[in-house]
Amino acid sequence: AQSVTQPDIHITVSEGASLELRCNYSYGATPYLFWYVQSPGQGLQLLLKYFSGDTLVQGIKGFEAEFKRSQSSFNLRKPSVHWSDAAEYFCAVGPTSNTGKLIFGQGTTLQVKP
Amino acid sequence: NAGVMQNPRHLVRRRGQEARLRCSPMKGHSHVYWYRQLPEEGLKFMVYLQKENIIDESGMPKERFSAEFPKEGPSILRIQQVVRGDSAAYFCASSPPEGRGNIQYFGAGTRLSVL
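Each protein sequence line maps, in turn, to chains A and B. Following this note's numbering, the numbering of the first sequence begins with 1 at its first residue and continues without gaps. Following this note's numbering, the numbering of the second sequence begins with 1001 at its first residue and continues without gaps.
Calculated directly from the structure, the hints in this document are not laboratory data. Incorrect hints may appear among the rest.
[To be verified] Computed beta-carbon distance windows for the label pairs:
hint, chain 1, residue 1, chain 2, residue 2, range
1, B, Glu1068, A, Thr55, 34 to 42 angstroms
2, A, Arg22, B, Gly1016, 20 to 28 angstroms
3, A, Ile9, B, Gly1016, 32 to 40 angstroms
[Claimed, not checked] Each computed DSSO-like pair below joins lysine-lysine, with the alpha-carbon atoms no more than 30 angstroms apart:
hint, chain 1, residue 1, chain 2, residue 2
4, B, Lys1051, B, Lys1071
5, B, Lys1051, A, Lys68
6, A, Lys61, A, Lys113
7, B, Lys1071, B, Lys1044
8, A, Lys61, B, Lys1044
9, B, Lys1027, A, Lys61
10, A, Lys49, B, Lys1044
11, A, Lys61, A, Lys49
12, B, Lys1051, A, Lys49
13, B, Lys1027, B, Lys1044
14, B, Lys1027, B, Lys1051
15, A, Lys49, B, Lys1027
[Stated by the list, open to error] A partial selection of chain A residues facing chain B, derived with a Cβ cut-off under 10 angstroms:
hint, residue
16, Gln42
17, Val81
18, Cys91
19, Gln106
Glycine included, C-beta positions come from ideal geometry on N, C-alpha and C.
Isolated chain A (complex conformation):
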């Protein structure tokens, strides 16, 4: 079955600390992988995506993610968190057919302490 697991429901980090949000997936074939961010009451904004090639991808707002095929993981990282990064983060997988539904994880809520 196709699924995405984000093991951490809530994470709290201090401003300026590093961040890693975990994402594991189960998919029948090599998927496209995405991280989205959702601020309260807002829609989803695409942070970054992995289609192929270099397994370390850079995104907006200083985020990066690494695709590890052997671990079926696509963890999101940021070296230094800012208070404005407090939001909910969703990992998603989708088919490589250019179209088709995305499967989302349950999300990780990030809280940033001053």
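Using the hints provided, position chain B relative to the given structure of chain A.
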């Protein structure tokens, strides 16, 4: 280039009424997706449409829910005889024509409250 537009942003209905949610995709996008987000949960796929065609409705409840994307005008998600369990945020996403990567751009959502 305007993003994906959804309206209304908030919708309140009483049990048994109908809810109509609208979505205008980004300019040049021909694929529309609807997702539902229940409280404290991630987004769940409902339906995928192209102009005048339903491509994948595997996530749609069997009754009361329907979706369309007519040749002209926005995509509509229609919920008949709403119940309390329909209360959720409904997000629409659009993506460009095939060949340009499956990047879905999301609207701000419609938050449906059923009293």
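Cross-check of the supplied hints:
1. B:Glu1068 x A:Thr55: 34 to 42 angstroms: 40 angstroms, holds
2. A:Arg22 x B:Gly1016: 20 to 28 angstroms: At roughly 43 angstroms between Cβ atoms, Gly1016 of chain B and Arg22 of chain A fall outside 20 to 28 angstroms, so the hint is violated.
3. A:Ile9 x B:Gly1016: 32 to 40 angstroms: Taking Cβ atoms as reference, Ile9 of chain A and Gly1016 of chain B lie about 35 angstroms apart, which means the hint holds.
4. B:Lys1051 x B:Lys1071: Roughly 6 angstroms separates the two Cα atoms, so the pair holds.
5. B:Lys1051 x A:Lys68: Not satisfied, since the Cα-Cα distance of roughly 37 angstroms exceeds 30 angstroms.
6. A:Lys61 x A:Lys113: Holds. Lys61 of chain A to Lys113 of chain A sits at ~18 angstroms (cutoff 30 angstroms).
7. B:Lys1071 x B:Lys1044: 26 angstroms, holds
8. A:Lys61 x B:Lys1044: 26 angstroms, holds
9. B:Lys1027 x A:Lys61: With a Cα-Cα distance of about 25 angstroms, the restraint between Lys1027 of chain B and Lys61 of chain A holds, given a limit of 30 angstroms.
10. A:Lys49 x B:Lys1044: 19 angstroms, holds
11. A:Lys61 x A:Lys49: 14 angstroms, holds
12. B:Lys1051 x A:Lys49: Between Lys1051 of chain B and Lys49 of chain A the Cα gap is close to 26 angstroms, so the pair holds against 30 angstroms.
13. B:Lys1027 x B:Lys1044: Measuring from Cα to Cα gives roughly 25 angstroms; hence the hint holds.
14. B:Lys1027 x B:Lys1051: Given pair Lys1027 of chain B, Lys1051 of chain B holds - Cα atoms ~13 angstroms apart, limit 30 angstroms.
15. A:Lys49 x B:Lys1027: Status holds; Cα separation ~22 angstroms.
16. Gln42: Holds. Min distance 6 angstroms.
17. Val81: 22 angstroms, violated
18. Cys91: 9 angstroms, holds
19. Gln106: This hint holds: Gln106 of chain A lies near chain B, its Cβ roughly 5 angstroms from the closest one there, short of 10 angstroms.
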